[in-house]
Amino acid sequence: MGARDEILGKLVRRTKGSGATGITGHLKPAMAMTTGEEMVAQFRDKAAKLSCGLSELSRLNEVPGEIERVLGEIGVEPLLHVSNEPELASLPWEDIPGLRTSREMNRDALDGVAAVSACAAASAETGALVLTSDADHVTAIAFLPDFHFVVLRKSQIVPGFEGIWSAARARGGNRDLPRAVNIIGGPSRTGDIEATMVMGAHGPRHVHILLVDG
Amino acid sequence: MTSPNEWHTPEMHVTSERFSENARHALDDKVLQGGLFIFAKGFTALREIGISQVPEFGDMRDRARDVKDHVLANLGDYLEQFEERVIANGGRVHWARNATEANEIIARLCAEANAKTVVKSKSMVTEELELNPHLEKQGIEVFESDLGEYIIQLRKEKPFHIVGPALHLTKEQVSDTFYEAHKRYGRTEKVTEKEALVREARIVLRERFKQADVGITGANFLVAETGSIALVTNEGNADLSATLPRHHIAVTGIEKIVPTLEDLGVFLRLLPRSALGLDTANYLSLYTGPKRDSDPDGPETFDIVLVDNGRSDMLGNEFQDMLRCIRCGACLNGCPVFTSVGGQAYGSVYSGPMGAVWTPALAGITHAANLPNASTFCGKCEEVCPVRIPLPNLMRHWREREFERHYTPAGQRWGMGAWRWIAARPAVYRLVSSMGGRILRAMAARGWVKKLPGFAGGWTEMRDLKAPEGGSFLDQYAKGRRS
Amino acid sequence: MAKVGLFVTCIVNTMRPEIGFASLKLLERAGFEAEVPRDQTCCGQPNMNGGDKAGAKEFACRLAKLYASYDYVVAPSGSCAGTIRTHYPDLFDEDDPDGVPVKELAAKTWELTSFLTEVAGLADVEASFDGALAYHDSCAGLRELKVKQQPRALLKTVRGLELKELPDAEVCCGFGGLFCVKYPDVSGEMVRKKVADIEATDAKAVAMGDAGCMLNIEGALARKGSDIKVWHVAEVLAGLAK
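Chains as they are written, first to last, in the numbering used here: chain A, 1 to 214; chain B, 1001 to 1483; chain C, 2001 to 2242.
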């Protein structure tokens, strides 16, 4: 008998197949149940607490100009790797003369650069962004660049984890979930040396949210 | 197979026999004592502030306990469901009865991938298995990528704390370690500041992530309904390990399963708050199967190694509650013993109260008897546990097992037997307590005893003993005193 | 009138009999007739925590029989009361007939300050104390029996007493029964921190609810040459802390 059957056999013997009833009804804290403007306001607060940058825009078309402005502000070369997601592809990147863009998404191209992607959702409970893998979304875009810009529409904000799961399942199509669901709570950090928080451990040093109406 | 129980014999090497000696060294180590202060004061305060903002925290803990109890009562069913979903998503599941099997499986998977280098994110299970030396023996280079794990790997130490493996070290010690270790990459500048040290590790490890053939991660949770693994980190190293290399292997214990995504939410709310008082960790990720045909990136293979290594032995008996543990570290941070001596004194990868219960299960009570005994039963660990594990009771159960098997030190065993005999005979009890008082009075100088003989000498090593002033209460009471 | 059986505990009996008499005085002030059965011995905690479960059951059965005729059992100790109230029932299987009287005992057993506030409703202890007093929460009372506000509520009624909160009042002092002699270095470090906290309050006295913690803390203070006094909360409440 192989390891699998022996382990499973032992588990059945030890638990006597008790078949206790499942846990029903789910417990949501109040902070995961806000709605409307209150939910958006909570998202802003929580995202700021996670050290995310945030720009509020009324239209998607303002995204390229705003990114150029932010890059200028932090003094970074205005070269931006733009993810292949359709909502980004149609933006007027060429209208911003000071901003150069690239569609290269391989690991060497993304290493240490500035990049922008869309997202699947964001959570007002924690201020985190939800990114999911698909044909147009490279998972590594959230981890290899130094500067990660994320375009988020207000309608994508969900109250909490429960909403994240629904959004992620919706992205998975007829499968359960996309291969990768990354819930990102701001720039990478570590407290591993003398328990002092230092930003930019392995992932981006800056995460900047472009929050767009609609 | 010589006996039906032989296959599951758990394997973990410990030096817990030397707890007292290790503890003494730790108490003399000024640098370490400074670091421990952070846990005792800082982490405990962070947790309290974090949970004070969630009025439902207590209910969430009850829910988490109930979910885990339900899972443990049906563990086989959920593991089979998980396995079925992993396979449906194109992954593979491997089952390991003990450390030897787990290490062999992982080494075989690495060989199939022609792996020269492996990058790892922090996994306590692989520490428990002593996986790294096993892979290194096969000629594979292994790089830990969690900053703390990377530091202790370079220093060839065991983790100091399940959440902060290198928090016993100063930045100067890390600086020396990096300087020596990074020469091979042509890095000759010695950096000393914390930010610079983090940057240094990032630069060196970024190349390892890009070159590695295999990424090995643990899994904080397994989701049965989707066949996903959940990874929780602040650095992002687990995600790089699960994304860049062509092969991803996740190694985890069989107890880590939760039924649904909704259940997972309960634990994701509890874990970062219990560990560091945070609303969320930086990176909470779910990975389900290998790269799909349309995906632009991700690993080509996705292998899960489910490790038993003594866990099934804790099921269905007085230790089952321990299998609810989510490795948040709150019981370590709250423990007055841990915060006095640090993790390394325990001589096991699992330290503090949770380690005092896990270690005997994994290494055998004969090797780890010190750990469940080195507790005052103050109960702080149970008070802070997010899944309400009655840790002092479980340590007491280990003491019971020790007693049943006659491992309890002979002197203590004899003492308890004698005490039982005396306490059943009230006249003898009264005589013994009166005599005890009289002896102490005789030994005292100006009311204080400065040195006690034998076993009781442990008392006067550290403190005096105030001798009783009058006769025993029962003697005075018998003579009619009432107030 | 309800009858109270006082369980004085081994440490009080041998080492600090005054605590037992202070307890009798407080129970009387609260309007209860209290007595100490001549044949009381130990609750068996050393055996229970040492892994001798069969021995611990024997202690439990003996105590249940001895205190069967009382309406309440009160102990000036969170540790011993906790053993009886929270741990005794766990020693017996659901269907063990020996467990029945033990569970009855557990249900009527109280730590002294809880009993005085929650059962007796004592509003004022009518005692006085001169000056500042720090208070240490002994672990078993705090966590097994939720003794936290009860002693404070009573101490507030003591004339002239200024209560000083310790920064880590809920952190263990390192006594832990056999722990302090089996692991003297670790225990010594724990009590060192506790004593440093007490000294930092500038109170000239500290009170607590367990005689074990008292022996530990007063012994460590004495070793340092400190003249800070250590009292059992019962002694302060009974006006015997001078």
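Keep in mind the hints are simulated off the structure, nothing from the lab.
The reader is advised that the hints may include incorrect statements.
[To be verified] For the chain B half of the interface with chain A, some residues (derived, Cβ under 10 Å), not all of them:
1. Phe-1039
2. Glu-1101
3. Ala-1107
4. Tyr-1179
5. Asp-1213
[As the list claims (entries may be wrong)] Quick list of in silico lysine to aspartate or glutamate cross-link-like pairs, EDC-like style, CA-CA up to 16 Å:
6. C:Lys-2053 with B:Glu-1017
7. A:Lys-28 with B:Glu-1382
8. C:Lys-2053 with B:Glu-1461
9. B:Lys-1041 with C:Asp-2168
10. B:Lys-1466 with C:Asp-2227
11. C:Lys-2057 with B:Glu-1404
12. C:Lys-2146 with B:Glu-1382
13. C:Lys-2229 with C:Glu-2199
14. B:Lys-1210 with A:Glu-38
15. B:Lys-1041 with C:Asp-2197
16. C:Lys-2224 with B:Glu-1461
17. B:Lys-1479 with C:Glu-2199
18. C:Lys-2182 with B:Glu-1262
[What the hints assert, rightly or not] If you only want the chain B side, here are some residues facing chain C, beta carbon under 7 Å, derived:
19. Asp-1028
20. Thr-1170
21. Glu-1172
22. Ser-1340
23. Pro-1390
24. Phe-1403
25. Met-1435
26. Gly-1436
27. Pro-1453
28. Phe-1455
29. Glu-1461
30. Phe-1473
For clarity, every value in this text was computed on a predicted model and none was experimentally measured.
Cβ atoms here follow ideal geometry from the backbone N, Cα and C, with glycine treated the same way.
A quick look at each hint next to the structure:
no., hint, verdict
1, Phe-1039, "8 Å, holds"
2, Glu-1101, "6 Å, holds"
3, Ala-1107, "15 Å, violated"
4, Tyr-1179, "14 Å, violated"
5, Asp-1213, "14 Å, violated"
6, C:Lys-2053 with B:Glu-1017, "24 Å, violated"
7, A:Lys-28 with B:Glu-1382, "24 Å, violated"
8, C:Lys-2053 with B:Glu-1461, "30 Å, violated"
9, B:Lys-1041 with C:Asp-2168, "9 Å, holds"
10, B:Lys-1466 with C:Asp-2227, "13 Å, holds"
11, C:Lys-2057 with B:Glu-1404, "15 Å, holds"
12, C:Lys-2146 with B:Glu-1382, "14 Å, holds"
13, C:Lys-2229 with C:Glu-2199, "11 Å, holds"
14, B:Lys-1210 with A:Glu-38, "42 Å, violated"
15, B:Lys-1041 with C:Asp-2197, "13 Å, holds"
16, C:Lys-2224 with B:Glu-1461, "13 Å, holds"
17, B:Lys-1479 with C:Glu-2199, "39 Å, violated"
18, C:Lys-2182 with B:Glu-1262, "46 Å, violated"
19, Asp-1028, "9 Å, violated"
20, Thr-1170, "20 Å, violated"
21, Glu-1172, "24 Å, violated"
22, Ser-1340, "5 Å, holds"
23, Pro-1390, "10 Å, violated"
24, Phe-1403, "3 Å, holds"
25, Met-1435, "10 Å, violated"
26, Gly-1436, "5 Å, holds"
27, Pro-1453, "12 Å, violated"
28, Phe-1455, "6 Å, holds"
29, Glu-1461, "4 Å, holds"
30, Phe-1473, "4 Å, holds"
In summary, the structure is inconsistent with hints 3, 4, 5, 6, 7, 8, 14, 17, 18, 19, 20, 21, 23, 25, 27 from the numbered list given earlier, while agreeing with the others.
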